[in-house]
Amino acid sequence: MASIAAPVEHDVGHSHELSFVRKYIFSTDHKIIGIQFLLMSLLFLLIGGILAMLIRWQQGFPGQVLPGGGVFPETMVSDGIILPEFYNSLVTMHGTFMVFFAIMPLLVGVFGNYLIPLKIGAPDMAFPRLNMASFWLAVPAGFLMIAGFFVIGGSAAAGWTSYPPLAETSEYSGVYLGQQLWCVSLIVLGLSSILGATNYITTVINMRAEGMTWFRLPLSIWALFITSILVLLAIPILSGAVIMLLFDQTIGTHFFKSATGLPILWQHLFWFFGHPEVYILILPAMGVVSDIIANGSRKPIFGYHSMVYAIIGIAFLGWVVWGHHMFQSGMNPTLGMSFMISTMVIAVPSAIKTFNWLGTLWRGNIRFHVPMMHACAFVSMFVIGGLSGVYMASTPVDIYIHDTYFIVAHIHYVLFGGSLFAIFGAITFWYPKMFGRMMNPFWGKIHFWLTFIAYNATFFPMHQLGLEGHMRRIYDASRYDFLSGTHGLNVFISISAFVLFASQLIFVLNFILSWFRGAKAGANPWEDTGLEWTTPSPPPHGNWPATPTVYTPPYEFSVPGMAQDYLPQDQSKDMVTAGQPAKGG
Amino acid sequence: MADAGVMRPMPHTARGAGVYNQKLGMWVFLGSEIMFFTALIGSYVILRVGNPGAWPEHGPREVLAIPITAANTFLLICSSVSMVKAFAAASVGDQKGLRLWLIATVLMGAAFVSVQAVEYTELVHKGFVPSAGLFGSTFYTMTGFHGFHVSVGVICMIYVTIRAFRGKYSAADHRGIEVIGLYWHFVDLVWIILFTIVYLI
Amino acid sequence: MKRVVSIGVVVALAAGCGGGEKAPAGGEGGAPAAAAAAPLGNASISGTIAFTGAVPPNPTIDMSEEPACAAKHAGGATDPVVVVSDGKLANVFVYVKSGLPADASFQAPATPVEIDQQGCLYHPRVLGLMVGQDLLIKNGDPLLHNIKAVPTENRGFNISQPSEGMTSTRSFSTPEVMVPIECNVHGWMHAWVGVRPDPYFAVSAEDGTFTITGLPAGTYEVEAWHETFGTKTMTVTVPADGQATADFSFSPAA
Amino acid sequence: MDWILPHAVSSYAGDIDAIYYLILVITGIAFVVTEAALVWFLIKYRGRPGRQASYIHGNTKAEIVWTAVPAVTVVVIGLLSGSVWNSIKGRDSVPAGAIPIGVHAKQFEWNVTYPGADGQLGTGDDFTVRNQLHVPVDTPVVVHLSSEDVIHSFFIPAFRVKQDAVPGMHIRVWFKAMETGEYELACAELCGLGHYRMRAAVTVHTADDYQRWLSEQSQTVALQER
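Protein chains in written order, with my numbering: chain L, 108 to 692; chain Z, 1477 to 1677; chain H, 2 to 255; chain P, 127 to 352.
You may find that some hints are simply not true.
[Claimed, not checked] Examples of chain Z residues lying across from chain L (beta carbon under 10 Å, computed):
1. M1511
2. F1513
3. G1518
4. L1523
5. V1628
6. I1631
[What the hints assert, rightly or not] Over the 10 Å line for every Cβ pair with chain Z, so calculated as not near, a few chain L residues:
7. I142
8. R474
9. F623
Hints listed in this document are in silico derivations from the structure and should not be mistaken for laboratory results. Quantities reported herein were computed from a predicted structural model and do not represent experimental measurements. Glycine included, C-beta positions come from ideal geometry on N, C-alpha and C.
Chain L on its own, in the form it takes in the complex (with noise of 0.2 Å):
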């Protein structure tokens, strides 16, 4: 197709002056839609959190009035009390809000769209329009999403697995248009991934800046290429199956149904879809804190490549490991063998990352920075996650720890010790790309620490609880006998999550103050080597005056023989050492 190379039309200039709308609300400026995808997730972050803490009064003190509890109608909390019914809509919402409306998008969303253009040298996305209208669909998802709060029989509240016949059959859950407001909501948000996924897939491919070979990627912007892989084949799996379910629901159609379709092929779609899931929610963040510790520890990542392959065989394994959802569900038990085989082998690659991490610490020269600590607390968290996912992985400790709060415990340090504490780390880091400004570095660590030793406090309990026998998603332990010893337990967690919870005001009030108050950042704050910090901060629409030229690998830290102790990706130590100033400094 050479012959048509031949641009016909040009693009109208950058230099016009943008109305207020276009230029921060239709903005199909990449480094706008990524704000725009931070701002709502981390709304969505929020409500998740608050979600999370009436489950957490439920659980702590069950039969008590929450204080508070007036505000909801009667319907939710009646006598001060939740009801279980409001209770399941609880845990159904804040997994899904969590999953699909904060962490994937806070991830892909977020530093997919920032950091993909400004880190391969290119000026905007392959498809601005296209990114501007996935945000835009992104948006009515999530209300939609609300809305089902505010009708009659409440939200969805099947779980945010939504297993047919409970999820599709009124009688059964008592809920009638919130199920498939869930369902409307997920396909209109997965049309809105498949479009954003799309876009940086193209971009990588076709978008890096000379020199900027495959292998001098850095691993943020490999793990955010893999990731969007996994999002465009496994999100239409997602929404073939809602669309079925809808259908279910809404005219009256047989696949999931009991009697004539079949129950369980759900939870088949559902799982292939669900662990390529889990690994796009967890790859952008492995991403991210490889960037923020080969930094932070002024060295090289240890085992670049090997870190790139195991980034790829994670996603390749990825597909064959659904059925490790489905040992109990009464699937065919020497399916069980080969998912668990499979499942034990995806452990590989975790660990060689785990260790690469470790190896890039080692010997270095440690500046512990707010998103350093984060990212230390991702790797050390990201290990007990990782451990504890052996225990699920063996089918017979699974027939006993399956659907119970060790799942529970296991999730959350995967998604919040792992995920969370990254993106933490990448706000920060990227904070003053993003607005020109530091966060607050005092008020960063107390964030850290509190949240640090809060979550661990939170979820490391539930370990045990799970241990016990403790089921999920079960409105009151005091009915099981065998439960009795849990409660002490259960009160603590509570009060551990009222803390957690209360820690991350400290980090909403940093972000918006630093805003207005922080101290201004220069173009490279952190003394980093990506091409994001070669531009002013923050960079101006078109990203460069002039695209950059690509020199070095990612990570070049500490090259011997050079004063600075960092070699920026668009120059060579040649040019640092005959004298050049370096940019950006």
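Place chains Z, H and P on chain L using the hints.
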């Protein structure tokens, strides 16, 4: 699809996959579409294997009108051919041929959807509705989503045709034609699979 | 052994465990409705529901799972499916099925109809209310009940009351005889709600009697419904300000 | 070690617990080693003025080691788990002569059907009891699990047994209780607003007591259902 007809200069082609963004983007997007139809077709196969009793004893032809749909299938294949013709015309700058073949493609696509609508109406009159068991559920979901894709394709094609009449495509740059063509051939291919699985087997 | 559970015990239980909240004889659901809206007339239909034949024994309920409920049933709990005393059948829903002036419309009374959950049974078991009238659901037990209405004409609901003293209010928008109410935590719990567009309905009391008041003169089709024995219909003519009798008789299916 | 896992009373609970403790030891070592290395590195290589980080890009030998060691370890765990799994849930794992008991789950109760004197389900002398599972000690019992409405999960923590009950499916799960006493059966899969109350009492009798209970019940329930 929104950018299918939008022309941009092609920077970085040399360093990328060797194709321009729109074409690469469409290929990537079609990867997603493949997975979507895989979910539907996979579910169909599992459901049918799991509940053979939910399908007519002597196969779908008991309920479905195979000859009409076969003709319709032929029509869709023809539209793919006319799409190829349109692209060939565009690549040599034959504006008249381009417009002619695009209109032919639009008409055949629209005719396909119309025949499908008539088919649905008749089936519903016969009492074969989505709630009439697994066969009805899967039939309407799969063919319906395919019909939806054809409709979206026809709408985009109309947009491209209007642009063609305004002379926006040349021998040097006719990327919009190529990109919509990719989508169109994909939709065609999916139909051949669906026709085989849903109607014939 | 269990067969010996006599009719007398059943009646005593039904009377005893409802506490002091039972409405007086004459139908728990019927009386308040007539009082609220101005009646179309002053005629009334009354009658007695007789029961002939062998009285089927009511099933016993094993409430060992719920000690708080079991404690409210000294001597063991039974499910009062068929309540017969002296040959008279209680818990029959009687209503004017047709014959009212076509243009008559009725305002639902503001006072709600109550249903209580007491000792893991519904009190009353059979009740009637008007379209739009509130159904006040109370939980008299210190444990979870869910209240699931499974109507065919109306929008159903499925709500829970996890602790004692909780109340919820629901209503129905379309006439329906009868809307089943059930509790899925205690699978034996059943109640039936007759939803009528007019106030002309009643539920037979323990002595089998019922009265429908406030009717205009006319000829009516009156139907009696029982959860086990089905429906019986008869045509009754009432003069203005007069009284007519509609006696029904049920017997076990042959 | 009852304080980590509750007292186990089924024949295979010991095997499950053994695998659990094996994984606990292995992951415990891995946990201590990695976290200690992390903390040690953070302290030892903390930034100080004048310090220079080593310019190292990796070490193939080390990377091969820390790929191979976890790979071998997890595969060994997998193989050990596999044989236990097959003995519990495998297709042919149900012991011959196990007593069949039907469990029909329904929002929100367990309807337990016992075979009458003939020891067979599906015959005229079966009887059904709500929320009460009675089994004899030292005897394998095979539960025929089904569901009325939504997915439930049959979970007896003390027996270490869990199996989803899926509407439209008929699933068998077996166990052998080793000690008499009172235990609990819970629903482990979210099944609606009464999920947390979907509990049944499990009673393990001696063989004689079980027979006595069975004949008592079969009479009273039979009378009920007359």
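Structure versus earlier hints, numbers of those that do not hold, lowest first: Failing hints, ascending: 5, 6.
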